[in-house]
Amino acid sequence: MAFSSDNAGLDVPPPACGVGLSTAADIDRAVREAAAAATAMLGGDADVGVVFLSNIDRRTARSAMETMRESVAAACLVGGTVEGVIACGREEEAGPAVAVWLGRFPGATLTPFAIEHARTPDGGLFTGWPPAIENAGE
206 MAFSSDNAGL
216 DVPPPACGVG
226 LSTAADIDRA
236 VREAAAAATA
246 MLGGDADVGV
256 VFLSNIDRRT
266 ARSAMETMRE
276 SVAAACLVGG
286 TVEGVIACGR
296 EEEAGPAVAV
306 WLGRFPGATL
316 TPFAIEHART
326 PDGGLFTGWP
336 PAIENAGE
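Heads up, my numbering is the position in the sequence shown plus 205, with the first residue counted as 1.
Hint data in this document are derived by calculation from the structure and do not stem from the laboratory. Keep in mind it's a predicted model, so treat the numbers as computed, not measured. Beta carbons: idealized from backbone N, C-alpha and C, even for Gly. Be aware that one or more of the hints could be misleading.
What the hints assert, rightly or not - The following label-pair restraints were derived from C-beta to C-beta distances: (1) G248 / H322: 30 to 38 Å; (2) G249 / D327: 41 to 49 Å; (3) P335 / P311: 16 to 24 Å; (4) E298 / R324: 26 to 34 Å; (5) T316 / D216: 32 to 40 Å; (6) R234 / P317: 33 to 41 Å.
Please model the complete structure; the sequences and the hints are all you need to start from.
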(Lines of atoms letter the chains of each structure in order from A and count residues from 1; the text may use other names and numbers.)
(Lines give C-alpha, C1' and ligand atoms only; values in the text may rest on other atoms or scores of the structure.)
Protein backbone atom coordinates (compact mmCIF):
# COMPACT_ATOMS: atom_id res chain seq x y z
CA MET A 1 0.00 0.00 0.00
CA ALA A 2 1.36 3.38 -0.95
CA PHE A 3 0.31 6.46 1.02
CA SER A 4 0.34 10.09 -0.05
CA SER A 5 -1.46 13.21 1.10
CA ASP A 6 -1.93 16.62 -0.44
CA ASN A 7 -3.59 18.13 2.64
CA ALA A 8 -1.15 20.97 3.32
CA GLY A 9 -3.21 23.86 4.63
CA LEU A 10 -6.55 22.06 4.21
CA ASP A 11 -9.08 21.68 6.98
CA VAL A 12 -9.42 17.88 7.12
CA PRO A 13 -10.17 15.63 10.08
CA PRO A 14 -7.16 13.95 11.72
CA PRO A 15 -6.34 10.32 11.03
CA ALA A 16 -8.16 7.82 13.23
CA CYS A 17 -7.39 4.24 14.25
CA GLY A 18 -9.20 1.28 15.78
CA VAL A 19 -7.95 -2.07 17.05
CA GLY A 20 -9.56 -5.37 17.93
CA LEU A 21 -8.37 -8.68 19.34
CA SER A 22 -9.93 -12.14 19.49
CA THR A 23 -8.72 -15.48 20.77
CA ALA A 24 -11.67 -17.49 19.44
CA ALA A 25 -10.54 -20.95 18.31
CA ASP A 26 -12.44 -20.67 14.99
CA ILE A 27 -10.31 -18.41 12.77
CA ASP A 28 -13.21 -16.91 10.81
CA ARG A 29 -15.09 -16.12 14.02
CA ALA A 30 -11.92 -14.58 15.47
CA VAL A 31 -11.45 -12.35 12.43
CA ARG A 32 -15.10 -11.22 12.56
CA GLU A 33 -14.87 -10.46 16.30
CA ALA A 34 -11.59 -8.55 16.03
CA ALA A 35 -12.80 -6.64 12.95
CA ALA A 36 -16.06 -5.69 14.68
CA ALA A 37 -14.20 -4.41 17.74
CA ALA A 38 -11.76 -2.40 15.60
CA THR A 39 -14.61 -0.94 13.53
CA ALA A 40 -16.48 0.07 16.70
CA MET A 41 -13.36 1.76 18.10
CA LEU A 42 -12.72 3.53 14.79
CA GLY A 43 -16.33 4.68 14.63
CA GLY A 44 -16.96 3.85 10.99
CA ASP A 45 -15.40 2.65 7.79
CA ALA A 46 -11.65 2.34 7.39
CA ASP A 47 -9.33 3.21 4.53
CA VAL A 48 -6.84 0.50 5.47
CA GLY A 49 -7.04 -2.73 7.45
CA VAL A 50 -4.27 -4.92 8.81
CA VAL A 51 -4.88 -8.41 10.20
CA PHE A 52 -2.32 -10.42 12.16
CA LEU A 53 -2.98 -14.15 12.50
CA SER A 54 -1.11 -15.93 15.29
CA ASN A 55 -0.69 -19.64 15.86
CA ILE A 56 -2.97 -20.76 13.06
CA ASP A 57 -2.55 -23.37 10.38
CA ARG A 58 -1.23 -21.42 7.38
CA ARG A 59 -3.73 -23.22 5.15
CA THR A 60 -6.49 -21.26 6.90
CA ALA A 61 -4.87 -17.89 6.20
CA ARG A 62 -6.67 -17.51 2.84
CA SER A 63 -10.04 -18.12 4.53
CA ALA A 64 -9.14 -15.59 7.22
CA MET A 65 -8.29 -12.95 4.61
CA GLU A 66 -11.56 -13.62 2.78
CA THR A 67 -13.42 -13.19 6.07
CA MET A 68 -11.50 -9.95 6.65
CA ARG A 69 -12.53 -8.70 3.20
CA GLU A 70 -16.18 -9.50 4.03
CA SER A 71 -15.95 -7.90 7.49
CA VAL A 72 -14.13 -4.65 6.72
CA ALA A 73 -15.03 -2.14 4.02
CA ALA A 74 -11.49 -0.88 3.40
CA ALA A 75 -9.84 -0.07 0.09
CA CYS A 76 -6.55 -1.59 1.22
CA LEU A 77 -6.07 -4.74 3.26
CA VAL A 78 -2.91 -6.48 4.31
CA GLY A 79 -2.39 -9.49 6.51
CA GLY A 80 0.00 -12.14 7.57
CA THR A 81 0.82 -14.91 9.99
CA VAL A 82 2.88 -14.04 13.05
CA GLU A 83 4.26 -15.71 16.19
CA GLY A 84 2.13 -13.60 18.51
CA VAL A 85 -0.12 -10.55 18.45
CA ILE A 86 -0.25 -7.37 20.49
CA ALA A 87 -3.51 -5.46 20.67
CA CYS A 88 -5.85 -3.89 23.21
CA GLY A 89 -3.12 -3.81 25.84
CA ARG A 90 -2.52 -7.57 25.61
CA GLU A 91 0.04 -9.89 24.08
CA GLU A 92 -1.15 -13.30 22.92
CA GLU A 93 1.38 -16.00 22.05
CA ALA A 94 0.11 -19.23 23.60
CA GLY A 95 -2.85 -20.03 21.35
CA PRO A 96 -4.72 -18.86 18.27
CA ALA A 97 -5.21 -15.09 18.20
CA VAL A 98 -6.23 -12.45 15.69
CA ALA A 99 -5.48 -8.74 15.90
CA VAL A 100 -7.08 -6.27 13.50
CA TRP A 101 -5.82 -2.72 13.11
CA LEU A 102 -7.94 -0.26 11.10
CA GLY A 103 -7.08 3.25 9.98
CA ARG A 104 -8.86 6.17 8.37
CA PHE A 105 -6.78 8.86 6.66
CA PRO A 106 -9.03 11.69 5.40
CA GLY A 107 -7.78 13.28 2.20
CA ALA A 108 -5.07 10.67 1.65
CA THR A 109 -4.66 8.59 -1.47
CA LEU A 110 -4.05 4.91 -0.76
CA THR A 111 -3.02 2.68 -3.63
CA PRO A 112 -3.32 -1.06 -3.06
CA PHE A 113 -0.74 -3.33 -4.64
CA ALA A 114 0.59 -6.84 -4.25
CA ILE A 115 4.24 -7.79 -4.29
CA GLU A 116 5.70 -11.19 -4.96
CA HIS A 117 9.04 -12.65 -4.01
CA ALA A 118 11.03 -14.56 -6.60
CA ARG A 119 14.29 -16.42 -6.20
CA THR A 120 16.98 -15.40 -8.66
CA PRO A 121 20.59 -16.55 -9.19
CA ASP A 122 21.66 -13.39 -7.33
CA GLY A 123 19.28 -13.89 -4.37
CA GLY A 124 15.70 -12.72 -3.90
CA LEU A 125 13.73 -10.15 -5.84
CA PHE A 126 10.45 -8.44 -4.98
CA THR A 127 8.24 -7.55 -7.93
CA GLY A 128 4.90 -5.79 -8.27
CA TRP A 129 5.81 -2.41 -6.78
CA PRO A 130 3.65 0.48 -8.03
CA PRO A 131 5.52 2.89 -10.35
CA ALA A 132 5.56 5.70 -7.76
CA ILE A 133 7.61 3.52 -5.40
CA GLU A 134 9.64 1.58 -7.95
CA ASN A 135 10.83 4.80 -9.62
CA ALA A 136 11.27 6.81 -6.42
CA GLY A 137 15.07 6.82 -6.60
CA GLU A 138 15.22 8.07 -10.19
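Right, here's what the structure says about each hint:
1. G248 / H322: 30 to 38 Å: Hint holds: Cβ distance 36 Å, inside 30 to 38 Å.
2. G249 / D327: 41 to 49 Å: holds, 46 Å
3. P335 / P311: 16 to 24 Å: Cβ of P335 to Cβ of P311: about 22 Å, so the range 16 to 24 Å holds.
4. E298 / R324: 26 to 34 Å: holds, 31 Å
5. T316 / D216: 32 to 40 Å: violated, 24 Å
6. R234 / P317: 33 to 41 Å: Since R234 and P317 have Cβ atoms about 26 Å apart, the given range 33 to 41 Å is violated.
This entry does not satisfy hints 5, 6, going by the numbered hints stated previously.
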